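S.K.: Each chain is listed here by its residues.
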Amino acid sequence: MSSMSSIRGHIRSALRGLSTDSGDTPVGGVTRGNTVKALERKVVNLQGQVVDLHSRILEAESKAAAERRRKLDSKFKQKFKQQRLPAWQPILTADTVLPAFFLIGLLFVPLGVALLLFSDGVVEVQVDYTECPSVDPRHRDPLGGHFLCKDLILRPEFVPGENFCYCDIEFNVTTAMENEVFMYYGLDNYYQNHRRYVKSRDDKQLAGKQVTDVSDCSPFDRDNRSRIYAPCGAIANSFFNDSLKLYFTDSQKGKQEVPLRGDNIAWDSDKNIKFKNPPGKTLDDKEGGAFENTVKPLYWTKPVFKLGSPPNNTGYENEDLIVWMRTAAFPSFRKLYRRVDNSNLEFKKGLAAGLYTLHVDYNYPVHTFGGRKRMILSTTSFLGGKNNFLGIAYITAGCVCFLLGVVFLVIHVKFGERTTNHLNINQNTPYTK
Amino acid sequence: MKLPCIKEKIPETERRLRMNDDVYNAAFKYANNFIKTSKYNIVTFLPINLYEQFTRLANFYFLCLLILQLIPVVSSLNPITTILPLLGVLSLSALKDAYDDIQRHRSDKQVNNRVSQVLRNGVMEEVLWKNVVVGDIIRMTSNEFVAADLLLLSTSDANGLCFVETSELDGETNLKCKQCQPDLTELHDNVELISALDGEVVCEPPNNNLSKFQGTLTWRGKKYSLDNENVLLRGCILRNTEWCYCVVLFAGAETKLMQNAGESFFKRTSMDRLLNTIILGILLFLLVMCLFCALGSGIWESIVGFKFQVFLPWTDVIPQEKNRGAAVTASLVFFSYIILLNTFVPISLYVSVEMIRLFQSLLINWDLNVEMIRLFQSLLINWDKKMCYMPSKTYAKARTTTLNEELGQVQYIFSDKTGTLTQNVMTFNKCSINGVSYGDVDDDLEGYDQPIDFSGNPYSEPSFVFYDRKLTVDLRTHDPHVETFFLLLALCHTVMPQEEDGKLVYQAQSPDESALVSAARNFGFVFKSRTPNSITAVINGEEQTHELLCILDFNNVRKRMSVVIRYDGKLRLFCKGADSIIFERLRADQEEIKSITCEHIDSYAGEGLRTLCLAYKDLSEQYYADWWNRYQDAATSLENREEKVDAIFEEIEKDLILIGASAIEDKLQEGVPEAIANLSLAGIKIWVLTGDKQETAINIGYSCHLLTDEMHEPIIVDGETEEDLDTPCPLPRPALSLAVPSPPPCPLPRPALSLAVPTPSPCPLPRRALSLALPSPSPCPLPHHALSLAVPSPSPLPSPSPCPLPRPALSLAVPSLSEGETGHSLVVNGHSLVFALQDDMEELLLAVASQCRAVICCRVTPLQKAKVVDLVKRYKKAVTLSIGDGANDVSMIKIAHIGVGISGHEGMQAVLASDFAVAQFKYLERLLLVHGRWSYYRMCKFLTYFFYKNFAFAFCHFWYAFFVGFSAQTVFDTLFISAYNLFYTALPVLALGSFDQDVNEDYSLRFPKLYTPGLENRWFNKKIFVRSAGHGVLTSGVLFFVVYGEYTNGIRSNGLTLSDFYSFGSVLSSILVIVVTAQICLDTGYWTIFNHITIWGSLIFTYLLQYAVNHGFKGAYVNSLAMPMGEPGYYLCSLLVVVMVILPVLAWRFWNADVHPTLSDKVRYKQQYEKKGVKPAKPRPMPRLFRRQSTMRRRALGKSMRSGYAFSHQEGYGRLITEGKLLGVRRL
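Note that the protein sequences, when read in sequence, are chains A and B.
If you count the first sequence from 1, you need to add 18 to reach this note's numbering.
If you count the second sequence from 1, you need to add 25 to reach this note's numbering.
Hints may contain errors.
[As the list claims (entries may be wrong)] Once the Cα atoms are required to be at most 16 Å apart in a straight line, the calculated EDC-like pairs of lysine to aspartate or glutamate come out as: (1) K679/B to D593/B; (2) K451/A to E1041/B; (3) K1139/B to D221/A; (4) K97/A to E1026/B; (5) K324/A to D359/A; (6) K404/A to E1152/B; (7) K404/A to E142/A; (8) K95/A to E85/A; (9) K1139/B to D286/A; (10) K332/B to D206/A; (11) K97/A to E1152/B.
[Unchecked claim] Chain A residues, not near chain B, derived (Cβ > 10 Å throughout): (12) A194; (13) K271; (14) T300.
[What the hints assert, rightly or not] Take a look, some chain A residues computed to stay more than 12 Å from chain B by CB distance: (15) R173; (16) D288; (17) Y317; (18) A346; (19) D379; (20) H385; (21) H440; (22) I443.
Bear in mind the hints are in silico, worked out from the structure with no lab data behind them.
Quick caveat, the model's predicted, so the values are computed rather than measured.
Where is the CB? At the ideal position from N, CA and C, for every residue including glycine.
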């Protein structure tokens, strides 16, 4: 404060100096020029002073602020050391807890209902084709029926990928599936999350880096000529290799294939970051090729660079492979297989209700270990697929909450101790009653 | 010459050395004076420190885990998850150890580089301590530290005496006198003579016995025996001695001081022990779970896994045969799950616990520092007028950082009296002279509230205060009795005068003596100096020298001391001593004055004053000469010398003329009654263990509110000496059957248990007797009978013969004793303790004592103090705290769970042995009720939450095991597993453990019953642990299955699947962090800025770090959290989990707070209510105690209270004075 007033005094005296100077100056023509110059000098001088004073004011202010901060600081330190820091001390009283219960109850029940409605809007069709019979006339059994593909593929003459066993399954879609429709394959009792299975991959290899040590992939790391499998590991080796096609039987046009797209079925981040083809002149295993010195995985019928269509959907960048490599969290899972092509006029609005046929090239053995295979068609909502779990859970939680609120209200009114009693305590009040 | 190589191995049996013969001495290769307390050097630091750390069980456990993780077949986790925290723990501890060791190096260096004057080659040289060797001759001057254990050769004193202060060794501040061999005194300060010394010393090998030394010196063909009187030990300081020459006997590590520096043993809190059992329990639980999982794995492998080999073949180490393969896999999986689930046994627990404790200690230090300063200032203002008491500027200090929460669970306080409850400042308060009592101040009279002005007396002390002007008036009129009284005080004592800064200062064996002498001094009878045969005093401004003929010194049996003085040409014996002793030896015509004085003494003693009776007697020359001859005979007789001397003394100390009595006040420390009242309200039992006499102790007990008027008369156990044991019991057996529920089948052989019950009812059920009766573990509970129970009884025992004690009555009586205002108190005498502490009696003693609200043990030795503490510690399983200030309390401080030292004036020994040091007893109240309570509260909350969050974490793996074929697959990301305990959830719980409080300090003190949970172990015990672990398990269950329900078939709105392993783990882990953070929000009762920062900070940090790492390193988890977070399902799921997990807890807590509110809940409410300004917090109402009150009460009871005899238990300086040895002290 004192510095401020002294500064003000300075300004005042400086101004006074200016006014007296001008007053004393004779008005004569000779001296006028000098006077003006002198005045200008004065003004410049004064301006300098003002600027100087201004900076001093600022300095003083910042000093004062620093002082205030320091004081506040030491006060804080003191409080800290005395354990008297300002603090919010919530306590559980009926006024705060009971309304919370009611509020949560009232909030959760409608939310749950909304979630159920969303889930209800999703149409999902599942077709289990594990047990489907071969439609190949060669596979007729002596009784006139057809052998099941699951048994046929165990036969020694079975060559995977050679269209050895295929089957058709007809199913009805009762509700029209509007907008985008997705086709998934589902596997049950399939332990993609087993520790040794999850571990058995080499992310570096899949990211297109040169790898020499693929011990993680054991036992599917190298073939007996010590060539690295591309891709290596149990996950890649067990790549799902059934191929699924969908036919719609229209009353007018007859049976027509539903156009399916295999792009955009994997996560963008996987495609862009985790899965990259190795560098090389060509995408093959020739000298200088990307997959030089590698060999196709043991169970595969064709090498990795022949998967899908070049240039973006082959090799490690093949989306089916990427989807497969993102191992499932639970032994029963589904993976996105295809999307119904909306660009096709016929299926622009999704799938109409009616009779459909699933055509399967049956290669993948799962029943030996009790596994099942499914095809799933599903639309999505804002919240994803069909799942009633959240809706039911929210409604239940809301109801319980509301009920608890009621129960506690009764308890509080009947048995609760009045908080006013809390004030009537003394030194001898025991800790508990 | 001996062979040097052999000596290394053979332990030294005796030590030989020759003065001025370094060649001879060097042959023995004795240790030189270099000391090393440091443990490591730069090279050895790493290996030794690592070894030490891995010998700790926890670290070793984690090392084993690490090794397991490095085995590929077993490893279920990336070893980095263990390496990182282990490295963190190891390096933190290593840093701390390194810092400590650097400090030790520094202090070693400082000590080793001190300089000593050493005689080398005939000249004095300055030699560094570390270069001093055995056999060196050192010249020391006053106030110098003793460099090694030395044999005294000659001193500046003509009698070859020197004085040392031994406070560093035993904590006693009074000077000890050491003496050299008389023949050696001729050496004087003559360097030539000394360098020609060729004596040979043979003495005991190095040992740690401070009070014993044996050896011989051979010099000029003569043998001298050496004992403890002749040696100066390292650690002492030379005082009041101009110079002395010494020869080094033991140096460096072989000195007694260093031999005594044993490893101080590590105290563990009961929480630590509980934690250890809990961790053992968790380990067992872990094994069971792993076994379960291994079994599951075996079953799964044989049913599914065996067939699934199409896609996932078994590894090479597994046999291909189905069942054997499954079995081998199962056993491997067992170890894998041990690795995976070991987060139950959290390594960070130890680190966190240590950190919290460290922080709490800091708070204690800070707080009490500030408190001390505040007190210092206010006291300065309050006490400015009197200026007699200045608190020392010593600060409270938590010397160990590991015992904080134990402070919140203290059940028993064992307190020393002198210097702890009392100030150990004796003030001359009252006196009775010739039947007139002086010192009682009538407050109504004007001017009497001002102390007498003694400034006319040049020797007066400003600290001396006396109010009763009657005494000065009588003194001025030369009342002969008053003059004799003060003359006696000035002459009859063994105090030594000393000059410090030009002022006369007294050195006395007991503060009482010095108080009396200084009282005389202020009243103009100034004791000035003494020689062996004379005492010089300035009496009324005139210096007189009186011939001192004989000192009949004090000892415990005699309880008196006398001097024979030639006064005005006449021989006169002055005697002062305990009233009972003096009264027995009065002349027959003294009855009248005796009875008046006796009355006065009773009233003084009733006020808690310590009294002494003063008497004199004139002797005739012949009688004295005759007596002196007989005394000489007795003193030189070889058999029973002491008894004979005592008998001779007895002979002359009779037919005394009583002058009067003095009363000395043993001042209580500030705030002691309030502190004790509040501590006992809190439910803490306070035992006073003192060396004082029974009456003194009881009086102090009343004045400090330990015993109160509402209580019953104390039960006094005063089984005298052993003769008592043989006297037949005065009471018939029925009295005992009263005491023992079922009459003992075996007869009491020597029944000394005398029980007198004051209630006259025919079949009395005296509550007092009950307390004795309660637990009688042995069928014959009183085989010995030192425990004699004497309750002051107005009526004799009616002794009804068949009066069986109904058991229900007993059980009824127990609660009434522990509750309510009334209670019992027990006073046990040291003699009785000798017997009561024997194996078969101690349980009975404890049973009686634990029924009492207050227990006072008087006349106890330091060892007995420790034994009593140990007794309670062993049988009661209770947390004990010992508080004391002196060297005699060290054993008790060390043995108790918590030792508190009073950092006062009586040396540092107690403080050095203690865990906490406070300046005043009253800070104990704050230390326990505020800091201890908070520490316990916080530690419990911390632990409860810590186990909760770790169980919530680890059990996710367990649930997942059911879905992964028990293959020990982790559900979380490696990064998350390592960071969960270190980063994501560590700080909020640390903030909780550091700052949380339910009620603030004022309310903690206002409502001492808030201390109850600590006493009852209520806030953290096995039950709470199981509950919090169960809570964690349920939380993880809800979390896991809700997320499972939502994501098992998870699909994004654009059709992509979300049910993969990576996103499931990410979602689960991030919601886990949200849930446990929500839980800590609920647990936090005191939201400071730090809680906000840590809670919200770690939530944000979790997401940021997950994002940064996943996207920065582009690992397997890239985008796997961001993807689900792009969907509303993630948020709905989180909200649902939080509500489902938190609401039941909220409901439970609300139910408890609403229907069964604890005092803590109520006080919290009150605090908040009063904070809103509705009612200002009242200063805590504390019953003010008035000493008079107890006096009145005692008078009303008509009980004769005899004096607390005002002498220390030690022998005085009498012998030294008469032998003329104390004259080395500078004369005035």
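S.K.: Against the structure, test the hints numbered earlier, and report the numbers of the ones violated in rising order.
M.R.: Hint check: 1, 5, 11, 16, 17, 18, 20, 21 and 22 fail, others pass.
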